[in-house]
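I would like the entire structure built from these sequences, with the hints used as guidance.
For what it's worth, full-length UniProt numbering labels the leading residue of the sequence shown as 1, then goes sequentially.
By construction, these hints were calculated from the structure, which means they are not laboratory data. Incorrect hints may have been included.
Within a straight-line C-alpha distance of at most 27 Å, the following computed DSS-like cross-link-like pairs (lysine-lysine) qualify [claimed, not checked]:
(1) LYS100 x LYS3
(2) LYS198 x LYS87
(3) LYS75 x LYS87
(4) LYS75 x LYS58
(5) LYS198 x LYS13
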Amino acid sequence: MFKQLQSYFPSFKDGFFTTSDNVKIHYIEAGTGEPLILTSGWPTTPCIFAYNLEALAKHYRVIAIETRGTGESEKVTYGYRVSRTAKDVYDMLIALSITKANFIGHSMGCSTLWAFIDLFGQSMINKLILVDQSPWLWSNVAESDESMDLHAGHRGNPYGLYNAFVQSWDAGNAEYAKPEYWPTGWTSIERSTKDGLKVMALEEEYRQQNNYPREALARLLVNHYMTDWRDIIQIISVPTLIITGSYSHAINAQTTEWMHNAIKGSKLIVFGDNEGGNHIMMANSPEKFNREVLNFLTK
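Here it is as structure tokens:
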């Protein structure tokens, strides 16, 4: 395991499995009882849950997967689509003989879970937690601003992102921060707590140590950016908790309300301005995040 993570996850152990397309995927695991699977965003890893996993593992068998190309997962050149990340999760469940689990997705990790539902249905899902992801990041050029706001879409060029990240991480991050991609303001990430900023630094250090394949991951980002999941969201029937932040760059209040209404019986929690309510609220306010997750799962 990444040595800097060991102080955050002292009870967790490494695991690896091989996918159906012959890729070695890394995950970490701790705890007993009902399985709780965590899928993270682009291009983050279990580092993003640095202040959550140990608390959750006191109650559940927690398994956090690293997307191909990130962390200690194999750096292959193929399979960088959201549908494949969902199949990788499915392959892990089969490898670990898990027939049903609770799931938490953060950012693109939500898209992974929507793709999982699209491909494999909901019979393997007990409860679902969706953290701060809009159903469609892009938009139709003919779409009105009002319609676009309902899914927190943007008018940025996905291949502008691709080209920038192929050039370098710095160029990609600079492009990613432009207002045409995040009208609500990418700088909201800078309004993180000390712990939140520490988690982001941990992710950056992990990336630098593992030589992530920029071009391949840029392909995954474009696929994530352009895929519309609204039809899948409307058929979710398992108990669902939606978590978002009041000043997140990744979603807005209109979209959050649409998702809450679209998923019948869902519960919605919004982290406020004084609760670190941006895209990484789980690091900014871990006690509240852990409490809300456990309250939902145990009811």
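Okay, the hints, checked on the actual structure:
no.: 1; hint: LYS100 x LYS3; in the structure: violated (31 Å)
no.: 2; hint: LYS198 x LYS87; in the structure: violated (31 Å)
no.: 3; hint: LYS75 x LYS87; in the structure: holds (17 Å)
no.: 4; hint: LYS75 x LYS58; in the structure: violated (32 Å)
no.: 5; hint: LYS198 x LYS13; in the structure: holds (22 Å)
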